[in-house]
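Q: So you can see what is in the structure, the chains are spelled out below.
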Amino acid sequence: MAKDIPLKIETHDFSFYYGAKQALHNITIGIPERRVTAFIGPSGCGKSTFLRSINRMNDLIDGTRTDGHMVVDGIDVYSKEVDVVTLRRRIGMVFQKSIPFPKSIYENITYGLTLNDSVSKSDLDSIVESCLRKAALWDEVKDRLNNSALGLSGGQQQRLCIARAVAINPDILLMDEPCSALDPISTGKVEELITELKDTYTIVLVTHNMQQAARVSDNTGFFLMGSLIEFDRTRTIFTSPSKKETEDYITGRFG
Amino acid sequence: MQTSTSSMPLPKRLIGFFAVTIALTAAVAVLGIILGMVGSFVSNGGGGVTWTFLSEFPRNNNTEGGIWPALAGTTLLVLLMTILGVPVGTATAIYLTEFAKQDSWFARSVRFAVNTLAGVPSIVFGLFGVGFFIQFMGNGIDGWLGTSSFGDGSLLWSAATLAVLTLPVVIVAVEEALRAVPRDLREASLALGATRWQTIVKVVVPNAVTGILTGSILAVGRGAGEVAAILFVGVTYSSESIPSAVTEKFMHLGYHLFVLSTQSPDVDLTLPLQYATTLVLLGLTFLLNLTAILIRSRLRKR
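Same order as they appear, the protein sequences are chains L and S.
Take the first sequence: its position 237, counting from 1, is numbered 237 in the numbering used here, and each next residue is one higher.
Throughout, the numbering used here is defined as the position within the second sequence, counted from one, plus 255.
These are computed hints drawn from the structure, not numbers from a lab.
Incorrect hints may appear among the rest.
[Unchecked claim] Short, incomplete list of chain S residues facing chain L, as computed with Cβ under 7 Å: (1) Ser310; (2) Thr352; (3) Ala355; (4) Arg434; (5) Asp439; (6) Ala446; (7) Leu447; (8) Gly448; (9) Ala449; (10) Val456.
Glycine included, each C-beta is placed from N, C-alpha and C at the ideal position.
From just these sequences and the hints, can you work out the full model?
A: In structure tokens form, the structure reads like this:
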């Protein structure tokens, strides 16, 4: 892997437990800034758990605990002095299911912005436009910003969720299987978007779809049974993986 | 289906036949009881429910006149009960679903208390009202303020007693409504940097508001027909006026019915009034339930 790119997220022996069950085993990885990093692996391999550990979404589940270090921008996010709300404002997240709030398109975008700060209407207007443009949704919805977001198609809803995540101006975008519920055309649009967004954001993408990882990511990590088996340039992973498990998985002999 | 039924041995088929017959009979009986009851009240009391009946005070030892003070008292009681009980119930439900660790000692105790509360006979709530609200709180307030208006049965303490009685209904209904809000929606909000509290206020409660309303109305329906719980805490069998303060005593439809049917010098004379009063009380409860059903069906459509 190229060593000259600064690392945005680093973990050292990071382990994660749901109660007594260990879901992640000593993950050590460095995720480079402003690149797309994809995680692949069979269901239940821990890739989503790892993703959700980055912005501490797993805190919401009772009885979980972590071990080791999860470092974002040089700060261990699980240390006591870290405020989880502030942390999440720097890390946008897009979920598997597109889940707009049952509010208008406009309110969906401004939700994160208006939580703590009062932003002027004209600023909000321009942020809404720029975020929707970034999410390649502006032309489709600009005439109905005050309509309910639930009236959008599945693909549009997911792009709205991306716009919503981008609106809080994070450095990192976590995407948890963002295309798994979308048709191929919408998937194509979202993938295009990911490629464009990586100039601005560090993107971490969990995907079931190996072609997707191959298409959009710069680096790929392969998870199996809670362990990071291999992490390398995407091209290397898909053409000449060094571990047998990785090769078995990407050639379809497993999972 | 047909072939498999006929190929079954006779005893099994007989058991099946009897089971269906018994179940059907029970269902028809339930329907019959309700129709018969409502029908009897409508036919006997329907003529008695007139505008004068609803708007006049009882006269001549409750043998003539209307039920206005009882109707007004019931309405005031129910309103005050809602104001006192629904916020507490909603807050408890929010705590239980959103904040408490589900298997924590405290959350389990609260849940146990709620379930127990739901099974307590209403007369016990009445006695609790006397002991806690009137004697402890009322006398306490009187001693503190130097007044003498709180240490006796009143609209306020009756409403408070009923609020406690209906708490389980509110808590369970609101909890259900809050749980129906998808977890994903909460996560989406939190991932955008909202605090738990902001998420509850801006996402969870607005999405559960119809369920909260339904629960409140069902609680009100339960409270509106309750008599035993308010027997000792402020209801009165006769009143010259509509209560103008929460510390006054009040009349109540359910209690009025009890008085009409058992405490009158000439029970036969009050029979038409009894029927009409029952019909009004039934109508009131039915109206509340209907509202809840309508709100719920609107919720389902969304």
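Q: Under the criterion of a CB-CB separation shorter than 7 Å, is Val456(S) in contact with chain L as hinted?
A: Constraint on Val456(S) not satisfied, violated at 10 Å.
Q: With chain L as the partner, please determine if Arg434(S) meets the hint condition of a C-beta pair closer than 7 Å.
A: 15 Å, violated
Q: Any CB of chain L closer than 7 Å to the CB of Ala355(S)?
A: 10 Å, violated
Q: Grab the minimum C-beta distance from Ala446(S) to chain L and call the hint holds if it beats 7 Å, violated otherwise.
A: 4 Å, holds
Q: Please check whether Gly448(S) passes as an interface residue: C-beta within 7 Å of a C-beta belonging to chain L.
A: With Cβ-Cβ at 3 Å, under 7 Å, it holds.
Q: Hint validation: Ala449(S) versus chain L, beta carbon distance must be below 7 Å. Holds or violated?
A: 5 Å, holds
Q: Does the closest beta carbon of chain L sit nearer than 7 Å to the beta carbon of Asp439(S)?
A: With Cβ-Cβ at 4 Å, under 7 Å, it holds.
Q: Holds or violated: the hint that Ser310(S) contacts chain L, with Cβ atoms closer than 7 Å.
A: It is violated, given that the least Cβ distance between Ser310(S) and chain L is near 44 Å, above 7 Å.
Q: Quick check on Leu447(S) please, does its C-beta sit within 7 Å of some C-beta on chain L?
A: Holds: closest Cβ of chain L sits about 4 Å from Leu447(S), inside 7 Å.
Q: So, as I understand it, the hint says Thr352(S) touches chain L; can you test that by seeing if any CB pair is closer than 7 Å?
A: 13 Å, violated
Violated hints, listed in ascending order, are 1, 2, 3, 4 and 10; each of the other numbered hints is respected by the structure.
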